[in-house]
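K.L.:
Listed below, chain by chain, are the residues.
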Amino acid sequence: MSLLTVDNLTLQFDTDEGRITAVDDVSFSINPGEVLGLVGESGSGKSVTAKALMHLNPGNAVYDPGSKIILDLDDGPVDVLSLKSNRDLKVVRGGAVSMIFQEPMASFAPAITIGDQMVEQLVLHKDITEKEATTHSIDMLERVGISDAEKRFNQYAFEFSGGMRQRAMIAMALSTKPKLLIADEPTTALDVTIQAQVIDLMKDLVKEFNMGIIFITHDLAVIAQTANRVAVMYLGKMVEQGPVRDVIRDPVHPYTQGLLNAIPKIDDLDAPLTPVPGDIPSPLERPAGCVFNTRCARIEDRCTQSVPTIKTYSKDHIGACFVTADERGAT
Amino acid sequence: MSDTASDVKSIISARDLSVHFTLRAGWFANQSLKAVEAVDLDIPKGSFFGLVGESGSGKTTLGRAFLKAVPITRGSVQFADGEVDYNLQDLSKADLKDYRKRAQLIFQDPYAALSPRMTVRDIIAEPLEVMGLTSSREETDERVREIAAKCRLNLEHLRRFPHAFSGGQRQRISIARALVSNPDFIVADESVAALDVSIQADILNLLKSLRDELGLTFLFISHDLSVVAHICDHVAVMYLGRLVETAPTRELFAAPRHPYTKALLSAIPSLDPDHVSTAQKLEGEIPSPTNPPPGCKFHTRCPFVIDRCRVEEPALEHSGLEHDVACHRWRELAEDPIARAMSRDVDA
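Protein sequence lines, in the order shown, are assigned to chains A and B.
Be aware that the first sequence starts at 2, since it is given in the numbering used here, and climbs by one per residue.
Be aware that the second sequence starts at -3, since it is given in the numbering used here, and climbs by one per residue.
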């Protein structure tokens, strides 16, 4: 059984302007030691999906009754969406599942030392004393490459640089030895040299801890360097999913193809930059049929009339497009 | 535009340009922060000139100094667009007003840069009204419509408010606002950084076609090297307030000379999943500009550091046609097979 299985996740929000669909019938799974890249532009539903895994979406979130999020823990499978009280949710929040956010400055409390914050969550989630937690936290800070960890342990977030804060965030997220790590744009706010350091660090840690990682980013090159598998989301729909090599070298969905064409490639400076035409529609104006039909170059009548189902193109490589499925004989 | 040195005229020429800030608050009482130090730089007229570096390298401050938006501590900046010739340190009030019309800024965040209470028309028209460039409402409207069309904005949208627009559309509004006074020098500070890749290419293509159509010169400040590689014809690399290397884009990306440039290029993640980087990763982080190291500012992170680098700051010197580098060891490193291999790794 997979470490995490998400089945038919459908999630809507009740807003003043009506009920909007943020995630629509999304399914995926992750094995231990596997990195799943979740790609998509703003408004694609990737962060909402990640938050659903820890039941962190706000109160106006409405989960479809058919949605299932199953986490396979040591004591047996847990159905995350059936957990109601905060006490029950402790199993997943910060215990078996940890999360790293984009902006490390916003993720630490400014008036509490980094060390106290690390110790607090350890004592909360693990059956250890404060003293053990302190030793373990300093050890973790050293592991992520923070020099002078004992001194740093007693400092505040503002005394850390951006890259160091993100390292400390990773150290804190990993100190409870989670089974699943959700990293939401963990390198986006960082400089390219620091990004390279953090990517290397995360790769090493996956190997060492054998956990599963969901790596959310809009940067396909970062995905290419970190993930084993990629899932591409657009307007709440999973439009393509597969092994990283297959998706990047032979994308099946016109949206993935468009994304790849829009990326400036450093090894081919003569290649024109081709934008995906138009803008992502507002979630209040979701197109009927295929969600990508307002921007797709290969649109046909059927694309506006019905929603394409997910077809298999090759082993583990799936996509939801009428046109390319016919072309390539996907079933 | 031409790439040869002889017939290029510089729209901006900076000599020994330094911008220092005095920090007054808290622990840093009366410390001096050298945001930009002794920069010599020529921006050829009509070029798309890239300025890259990590956060804290001083690239934004340098851009602001060219716009006379920060006080210049030392050195000079000459602006010459063919019509006027200004020395930015001593501009009369009237000249400064004229300069504001000729040099404009496009901001990073299209969500923060536009007032939510103004219609798109009023946002674009504001510079015209503030600078008194048009004499009637009809004239203003006509100019707004003209520039909006050039920026591929739907004229129907001029009556709407910014909240109705996506990031890409907002950035087109920001561009129209910057261009409405008919400037010829534009500082674009991380102007596509907040946009999704699918939209980013569209804005980059728009900027390029505007450059060609209107004869603009762009200073394109960015931390994204792949974007710079695609859009700019010249690139300058900054580190801790200093220029460390400048060259035509292709040359810089094919044969970087400064160890910092090499490290930056090799840190760009490759789109090829099987790419195995053998490049030496840069250790540590950029030192604080309030307490910069002596000698070469990069020596604390440089894999090729020697004793000389720790005490003597290298000057920017010619290493080829239009290719300048500030490194004591660039000559020997250019011949060293290991150092060469490292710089070739970008797309290996």
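Treat each hint with caution, since some may be false.
[Said to hold, decoys possible] Here are the computed lysine-lysine pairs in the DSBU-like style, where the Cα-Cα straight-line distance is at most 30 angstroms:
id, chain 1, residue 1, chain 2, residue 2
1, B, K89, A, K266
2, B, K277, A, K204
3, A, K52, A, K127
4, A, K152, B, K277
5, B, K277, A, K266
6, B, K146, B, K277
7, B, K146, A, K266
8, B, K30, A, K152
9, A, K127, A, K152
10, A, K208, B, K277
11, B, K204, B, K41
12, A, K266, B, K64
13, B, K89, A, K178
[Stated by the list, open to error] Derived list of chain A stretches under chain B, where covered just means 3 residues or more per stretch with a C-beta under 8 angstroms from a C-beta of chain B:
id, segment
14, 193 to 201
15, 207 to 219
Treat the hints as calculated values from the structure; they're not laboratory data.
Computed from a predicted model, the values in this text were never measured in an experiment.
For each residue, glycine too, the CB sits at the ideal point set by N, CA and C.
K.L.:
Check each numbered hint from earlier against the structure, then list the numbers of those it violates in ascending order.
P.N.:
1, 6, 12, 13 and 15
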